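Going by numbering that gives the first Met the number 0, the first residue of the sequence shown is number 0, and it counts up by one from there.
Hint data in this document are derived by calculation from the structure and do not stem from the laboratory.
Every value quoted in this text rests on a predicted model; they were computed, and no experiment measured them.
A couple of the hints might just be wrong.
[What the hints assert, rightly or not] Computed spacing ranges between beta-carbons, pair by pair: (1) Ala54 x Glu278: 46 to 56 angstroms; (2) Ala279 x Asp186: 15 to 25 angstroms; (3) Ser247 x Arg181: 46 to 56 angstroms; (4) Ser247 x Asp215: 20 to 30 angstroms; (5) Gly137 x Pro17: 33 to 43 angstroms.
Note that the Cβ used here is the ideal one computed from N, Cα and C, for glycine as well.
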Amino acid sequence: MQTTPDEGLAHWLDHIGPMLEGLQDLVAGSGTTLDHSAASLHDLEHLLLAETRDAAPREGLVEALGGYLGEALLTAGGGAWSWDERSGLPVAVLDAGGTVEPMPLVLDAVTRRTGAVWATEHERVVAEAARRQAEDDGWEPRGADLPALPTRGADDLPDPWLTRWLTTRREGFDAWSADTGRAEELDFSPASLVPLAQVIRLRIPSAEALDARIEDDLVQGAIWYLGEVARIHRDARWRYTPDPDGTSENPSVGRPWVAQDDDGGGSAIPALELWVAVEAGTDDVLLDRFAEFD
Numbered sequence: 000m001q002t003t004p005d006e007g008l009a010h011w012l013d014h015i016g017p018m019l020e021g022l023q024d025l026v027a028g029s030g031t032t033l034d035h036s037a038a039s040l041h042d043l044e045h046l047l048l049a050e051t052r053d054a055a056p057r058e059g060l061v062e063a064l065g066g067y068l069g070e071a072l073l074t075a076g077g078g079a080w081s082w083d084e085r086s087g088l089p090v091a092v093l094d095a096g097g098t099v100e101p102m103p104l105v106l107d108a109v110t111r112r113t114g115a116v117w118a119t120e121h122e123r124v125v126a127e128a129a130r131r132q133a134e135d136d137g138w139e140p141r142g143a144d145l146p147a148l149p150t151r152g153a154d155d156l157p158d159p160w161l162t163r164w165l166t167t168r169r170e171g172f173d174a175w176s177a178d179t180g181r182a183e184e185l186d187f188s189p190a191s192l193v194p195l196a197q198v199i200r201l202r203i204p205s206a207e208a209l210d211a212r213i214e215d216d217l218v219q220g221a222i223w224y225l226g227e228v229a230r231i232h233r234d235a236r237w238r239y240t241p242d243p244d245g246t247s248e249n250p251s252v253g254r255p256w257v258a259q260d261d262d263g264g265g266s267a268i269p270a271l272e273l274w275v276a277v278e279a280g281t282d283d284v285l286l287d288r289f290a291e292f293d
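Using the sequences plus the hints, can you model the full thing?
Shown next, in the form of structure tokens:
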């Protein structure tokens, strides 16, 4: 007997929670937090690419990843799950506009192997939601369904600039690390902060030089790398507060920074950490300061 759209959707909503709980095994030990963020999509896509380098995805993985991807996009753009009668697959109908089919996007990631398919789609949805909010002050993305995994509140969505910056830095990491000449050591471990400091201290001799080169690819890549180490190993999250007039004296405004969500948790502004590094007399300075990030 053919499954009706209502039956297909009901079955999907009944099973998505257990499927997503199974993703915890995939991310165990990777430092990935399943928080519906663009960073988590980037991490999951790379884990999928590693698993499918020489084999097809394990049974049920495409569905679980599609469920997570759909929920991440619904978190960013509002909306609800629906069912496509033609394909017989669940779809995310976005309040920000449009419909996304997560399962084909999962397979697209395996085919294209760029490592940026899902984060790019997330960026598109975030930008569309921001555009809608700018055009209609009364519009807010609606959350018709409770997500199967915990998520952030609607007032804590990532800034579109931050989303674009993080995507650019992730996609450019291989080229950036190769340019440092220390690519094999830059493995996102805390110990890798020593070669990072050595590269920065060798190429940028002073805080003044750092200020002058703050937009250089070398510096922007180092800012991202330092923050990613904190994200992975200290459960931190990227944050960004725009400074439209460029007049704020708050050092965390107009710069990407990282912070832990817990009350009293640590925070750091990677650009200022690099400033400390070039002024310090030791290559261990970033590692020492990272050890205090708690």
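Task: Numbers of the earlier hints that this structure fails to satisfy, in rising order - done: Of the numbered hints given earlier, the structure breaks just one, which is hint 3.
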